[in-house]
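Could you put the whole structure together from the sequences, leaning on the hints where they help?
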Amino acid sequence: MYEDQLTKQPLHDFAPLVLEELSIGVVVLSRRGVIQSVNRSAAELLGVDATAITGRQVDTLPLKSVAYRVLSENSRDEPVHISADNRYMWLYTRSVGNEHDGIDLVELHDLTRERHEIRQREEFVAMMTHDLKSPLTVMMGYVQALYGTPSPELVATCIPELDRSTKRLRGMIEDILDAYRMEVGLLQISKGPCPFGDLLGECCGEMLYEAELQGVRLSWHFTDPLPVLHADARQLIRVFANLISNAIKFTPRGGSIEIQAKAEQNHVQITISDTGIGIPEDELGKIFQKYYRCSHTAGYKGTGLGLAISKAFVEAHGGEISAASVAGKGTTFTVILPGVSG
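Numbering (my numbering) for the sequence shown: 14 to 355.
Don't read these hints as lab results, they were simulated from the structure.
Any given hint could be a false lead.
What the hints assert, rightly or not - The calculated label-pair distances, taken between Cβ atoms and stated as ranges, are: (1) K180 x D62: 40 to 46 angstroms; (2) D176 x A337: 30 to 36 angstroms; (3) R53 x D90: 25 to 31 angstroms; (4) D176 x T347: 29 to 35 angstroms; (5) P206 x S96: 50 to 56 angstroms.
As the list claims (entries may be wrong) - Here are the simulated DSS-like cross-link-like pairs (lysine-lysine), alpha carbons at most 25 angstroms apart as the crow flies: (6) K275 x K204; (7) K262 x K204; (8) K303 x K146; (9) K262 x K299; (10) K299 x K342; (11) K180 x K303; (12) K262 x K342; (13) K146 x K262; (14) K262 x K180; (15) K146 x K180.
For clarity, every value in this text was computed on a predicted model and none was experimentally measured.
Heads up, the beta-carbon is just placed ideally off N, CA and C, and yes, glycines get one too.
Here it is as structure tokens:
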């Protein structure tokens, strides 16, 4: 049998196949520095055609090439970290066999994604430290104004602003906590009967004041009757408050936002459409990533976590969230929630 023949073959006959399937990069060098083999992962990391450099001595490779920069590093004594061609790699060389006819195995680990996430976290912490001061400074200012015997007019001015700053601060802290819960798998959903039409209508009504302050027209229309869902009302409020708040924030004065909801046979579909600044096409697929902020939103405050958290909550309900946008013309977010119970 063919299987029996395979089991009788020496194990070293399968070594090249095993190396080729490894997710880490492996380059095999002779003691004289001749490249004997390059597996697929290593070729991708080095940006080379494996057949083009196999058989060549490392010293003969182009000096500015990534392959030369990486393979000429002395990583025998301890691992080396190297940044090349927008990639961040960890490499370590292991010697196999004797001094004369042995080989060197160069392991290449791609740490680009991990490095990028670390940098994003560092930038996020720096940004949040700055942004958290803003509502606190506003609150401290109004508290100072209320000392003594403030006039009724002053109280009427300060209390709503204090309320807004408090809610904003609480929202930012909740985003940070939920981002941590997402990472460690502790995001909690407590489902129960949820009259969805009332919930969404209340959420829209609460955002109306914010839209008026921004000079944006906010309207909503629901196909009656919207059903009762088996859902976590508190978390769904956070999802739609975040989506509507984003629409308000990124829509210039004089623009408009329209929210529609309709019940289908086995789900509810909600759309939030705005006439705002939009999202560049090449960035649309990244907006649900943690800490990601579009390139043209510089100057806008926010954690960069809202959409990632919203996506997590929607998917925890078995739903879907997506976005369509044209830069400079507006964005539409669509949320589909299943679990209609009546």
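We went through each hint and held it up to the structure:
{"no.": "1", "hint": "K180 x D62: 40 to 46 angstroms", "in the structure": "violated (57 angstroms)"}
{"no.": "2", "hint": "D176 x A337: 30 to 36 angstroms", "in the structure": "holds (34 angstroms)"}
{"no.": "3", "hint": "R53 x D90: 25 to 31 angstroms", "in the structure": "holds (28 angstroms)"}
{"no.": "4", "hint": "D176 x T347: 29 to 35 angstroms", "in the structure": "holds (31 angstroms)"}
{"no.": "5", "hint": "P206 x S96: 50 to 56 angstroms", "in the structure": "holds (54 angstroms)"}
{"no.": "6", "hint": "K275 x K204", "in the structure": "holds (21 angstroms)"}
{"no.": "7", "hint": "K262 x K204", "in the structure": "violated (30 angstroms)"}
{"no.": "8", "hint": "K303 x K146", "in the structure": "holds (22 angstroms)"}
{"no.": "9", "hint": "K262 x K299", "in the structure": "holds (19 angstroms)"}
{"no.": "10", "hint": "K299 x K342", "in the structure": "holds (19 angstroms)"}
{"no.": "11", "hint": "K180 x K303", "in the structure": "holds (22 angstroms)"}
{"no.": "12", "hint": "K262 x K342", "in the structure": "holds (14 angstroms)"}
{"no.": "13", "hint": "K146 x K262", "in the structure": "holds (19 angstroms)"}
{"no.": "14", "hint": "K262 x K180", "in the structure": "holds (16 angstroms)"}
{"no.": "15", "hint": "K146 x K180", "in the structure": "holds (14 angstroms)"}
Hint compliance for this structure: hints 1, 7 are broken, all remaining hints hold.
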